[in-house]
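We have chain R already, so just place chains L, A and P on it with the hints.
Protein chains in written order, with UniProt numbering: chain R, 1 to 340; chain L, 1 to 340; chain A, 1 to 340; chain P, 1 to 340.
Since no wrong hints were added, every one of them can be taken at face value.
If chains are identical, the list can't say which one is meant, so a pair holds when it fits in one copy or spans any two.
Mimicking DSSO-like on lysine-lysine, the simulated pairs with C-alpha atoms at most 27 Å apart in a straight line are:
id	residue 1	residue 2
1	K252	K276
2	K329	K218
3	K252	K218
4	K106	K252
5	K106	K276
6	K105	K252
7	K276	K105
Honestly, the hints are just simulated from the structure, not real lab data.
4 protein chains.
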Amino acid sequence: MRAAVLTGIEQVEVQDFPEAEAAPGWVVVTVEAASLCGTDSHQYDGRIDTPFPRVPGHDFAGRVERVGEGVDESLVGAAVAVKPSLPCGECDQCGKGKPADCTRKKLIGLWSDGCMRERIAVPAVNLIPRPEGVEAWQASLLEPLAVGLNTVDRLRILLGETVVVLGQGPIGLALTRLCALSGAGRLIVTDAREAPFEIARTYGASDCVNVAEVDDAKQAILDLTGGAGADIVIETSGFPSSSEMMLDLVRKEGKVAHIGWANDLPPLPVVPLMAKTLTVFGIGGNGGRGQYERALELVRSGRFDLEPLVTHRYALEDVADAFATAHAKTDGAIKVIVEP
Amino acid sequence: MRAAVLTGIEQVEVQDFPEAEAAPGWVVVTVEAASLCGTDSHQYDGRIDTPFPRVPGHDFAGRVERVGEGVDESLVGAAVAVKPSLPCGECDQCGKGKPADCTRKKLIGLWSDGCMRERIAVPAVNLIPRPEGVEAWQASLLEPLAVGLNTVDRLRILLGETVVVLGQGPIGLALTRLCALSGAGRLIVTDAREAPFEIARTYGASDCVNVAEVDDAKQAILDLTGGAGADIVIETSGFPSSSEMMLDLVRKEGKVAHIGWANDLPPLPVVPLMAKTLTVFGIGGNGGRGQYERALELVRSGRFDLEPLVTHRYALEDVADAFATAHAKTDGAIKVIVEP
Amino acid sequence: MRAAVLTGIEQVEVQDFPEAEAAPGWVVVTVEAASLCGTDSHQYDGRIDTPFPRVPGHDFAGRVERVGEGVDESLVGAAVAVKPSLPCGECDQCGKGKPADCTRKKLIGLWSDGCMRERIAVPAVNLIPRPEGVEAWQASLLEPLAVGLNTVDRLRILLGETVVVLGQGPIGLALTRLCALSGAGRLIVTDAREAPFEIARTYGASDCVNVAEVDDAKQAILDLTGGAGADIVIETSGFPSSSEMMLDLVRKEGKVAHIGWANDLPPLPVVPLMAKTLTVFGIGGNGGRGQYERALELVRSGRFDLEPLVTHRYALEDVADAFATAHAKTDGAIKVIVEP
Amino acid sequence: MRAAVLTGIEQVEVQDFPEAEAAPGWVVVTVEAASLCGTDSHQYDGRIDTPFPRVPGHDFAGRVERVGEGVDESLVGAAVAVKPSLPCGECDQCGKGKPADCTRKKLIGLWSDGCMRERIAVPAVNLIPRPEGVEAWQASLLEPLAVGLNTVDRLRILLGETVVVLGQGPIGLALTRLCALSGAGRLIVTDAREAPFEIARTYGASDCVNVAEVDDAKQAILDLTGGAGADIVIETSGFPSSSEMMLDLVRKEGKVAHIGWANDLPPLPVVPLMAKTLTVFGIGGNGGRGQYERALELVRSGRFDLEPLVTHRYALEDVADAFATAHAKTDGAIKVIVEP
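Extracted from the complex, chain R is given alone in its bound form:
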């Protein structure tokens, strides 16, 4: 079969690749759509250092092609979304026959070959049935929604609270929509580009602040909260200047969530945490407790419309363009989809 292969930094090409096989408990899935995320970009430009050659990609959906021993035959042909992390196979939970509870799961596409190819084998426990009416490209975009759900589940927004979402990339936009659906009152978002604001408004943002345009972004946001600070601040951008103003933007006894990941983030001063009696939530992933399934239902019911997020679509043969676009964020790129 054909596969996209990273052969070096910023080098991706389509090659012939060995066919996927279904081990006992595993299935082979035909990849119908795969989406690119920040992790793929970081792997592409070398900030995440994985061995080459490597088939990248972890967010995808498709149909079950074949099943391995011990897996229900009736799954063949089923439309599925796929959870992107593999059980380690070595920990206590894996040893007890509970791979779904593995605490050391590893993302495919980084430490094993990923989904940017025609077919891939995954454990049957990673499958989520894709209901009628949810297309493969939609189901390939569940990850940012699952991360967002893990965030709002922990924040427990009280109806009407003022929320600030810093950064309007895919995760930031997902949070904007999920906070709007969860009862946020005033919903202030920021970015350094104008492009995402139209989507943000569609998703429920009440106020959009372009941090590259205003003189004093922090003051502009504070003014929108009436000076007292927001009930909740969520940092998704990973930009030091954004992370830095987080604690100043939240009110006394407020809550902060940090999702934006970067190696050069400034550390948090401790005294304001105490002086303002804050609660800080570190968000490291999608939680793995039903968030994928709930994200799928939000898409199915139409409450989360993914259409505005998808700015570019490529065939597998054009995967090099897909990576270049996603990495450069040129041309208003938010989410880039590859359809093998």
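Same frame as chain R, now just chains L, A and P:
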């Protein structure tokens, strides 16, 4: 001044009434709008037994006309909403000078003369500033929203959960809107009339079940939840047949809230509570912890549109018609407003 | 091997029984100690109607004797506690290879032969490693602790809150100890016998009320709370007279948990739930989310001393006496242990 | 009357001082005992910069001597504890006649003259009735308990969780006791002195680590948690080396509370917060929502024995020695009491 006076069961007339005076710490408010609720109807038909003659009414808004000693003069002329319960003046909290924390507050209009008149005196601590753009008739409708907020605050809906709201009177409709805003997924509502369903759909209901029309209401609702029962069931109707099916409609480990008040409610069997590991919340009022202020903000921001709830408006002179309409629920009556 | 067999109502005898076999994924455990609980008594006297002949018993501990295919060989010889419910083998979760997540688990000893014998086969996922220093008789008593943990986990006692535990059988005593450990302030317990009060005091009860001795049990308890009612009331007795006073014993905005199971429990009136803004938790089991493991650690660390609970011990050959004692609750019986 | 007066950095002397007067709504309290805390020491050595001369001190208890206008006369002679912060008199809450809800309260002894004198005037709303059996010196020590309660209230310890308390000064020891009472399982404490460990063990610590004695404090603590990290870590010492290891000591998905206040605290790295999905609670005070009253009840009931904390007692005339001892922490000083 003129006042509506209950002179006996189902007898209300407009009479001359002594002027309101502002004691120290109190203010006189000009009543611009008052709304009728179930309590008023129960007092009107004698199910709540209060002394006659009595000026009824507790949900109202207006402007400060005069202030008593010790109250900031600058309040004169201010547009206000008014919390409807008076501190008892005798408990520990009142004795400590903290009337706002009184735990034995009493509703005006029942045990003291209420708001169905041109002017009324209330403690300054009962005032809530009414912001620009919120009209008096809107501010006279905060009570069902505050009760609803007290309910969703305790239920803590997780984004996407299935919610059933039994009964679509004013409180039921408020809950429908508040649950939709708070992240309910599938949102099923019931009533024995068709009239409220149009409003319910506008407010975010996904499914409306007319319990007077279907053969087996319980089964019809369960079917809409896929057979497993809802995550959350909220009973607002006060009808025995509705309260009775509540525990059957909720899923294992689900939550139930009961707001619908009536003297003939069937008691709850205990074994299903245990067998299904349920949590039951009894809701007895508006909580009194900022819910009024937050309700006002939901109205101000346009997230809760009160217009559909108001089906009838009367001048003070026509208050007898107002009570008759609200009590009989004729002519599609949901909320009846009196504007003195 | 030898096994206790229920051959009819109140008829139990020791018989020869076919040897246990370890199917794939299962293990054979040598039973070192088994404890009797209320469910066993109800099965014995026919209130729970199971087919005869039947080997009763579900609460036990021992050592792994043999392992079936696919189970780690190194488990042989391991000291274990055993979770007493079997996965159904037919539901979605079981079908996905996640038997630990089965939602229709069935207690052994009722619908399949139980643990009152020398050896029994159970799924490997039901095993909990028994640490150094925890004896088999202790590990056979985890069930009431796990149920109790499931209760205090949901109640979330605030340090210093006043708690009432109604009934001081094994579950009631477990709750007394767990509430004391969890921060209860005043801790009031009730029973109709004097016998358990000495244990209750050792476990941390501050006040013991013999409901058979006082004129007005409800008033006596209320007086101990200063008249205002307790923050939390936990009903474990299953007696109608106890369940009936529950809502009167709790303060406004307080919490109630109901664990005591009986078919003749009076239903709960709804109006007090609303008037007092109560929260009611139905407790139907041990929760199955780590409570067994945590119960084991409480025993291991010595924070929960099980010794006072065990009033009688029997060899397997004397199992008829064991059942008679446990059922009649004669001779101050709290917990009866059988050691095959 | 006589008063202790700070006349400059590390200079305190006893002087004659004008008599206290009770304004309307205020009372004059005879100071029977006052305790010294870290804030007093910081003011004494100039790290907190307040104007001189100043009467220091804010933690005290005594009896009501006189009452001002509008205060219940029957309070005269009452034994009381006193909340140490004064309402600002200028904010919205104060303006509404709700001084107890003031959000800008100021500690006495810093920005106004404090309690290290024979008599002091305070608002009646600051009084807490001191029950029979609670002596003045005990009631002068409520502040660290109230701060500790505010901490455990937010952390919500699950019964049996492993807790680490870094630092065993007064606040750290209070947390040790409160965590033990709240259900902590393994309870590991640290300090750089041996002296507090005996108290810590009495209070319920299971393991004491002298960070000045072990080679690698972090590893020693981790080893006590079985390598996985604690469920909860509470930093109370204010030492950079202690604060620095906090995030390494907590398990994945664990909770951290930071109370130890210092200007040279190292900032928190953000990536570990995300990678480990942590929740961080900044604790800035006693919460002001009933914690004082609950602290008093813990003392009254004997569940929190304050005796071990009090290492030194002085008469008012020897206040200079009291400050010197408390500041230098010589002679095993934990809590120093002054009894005017």
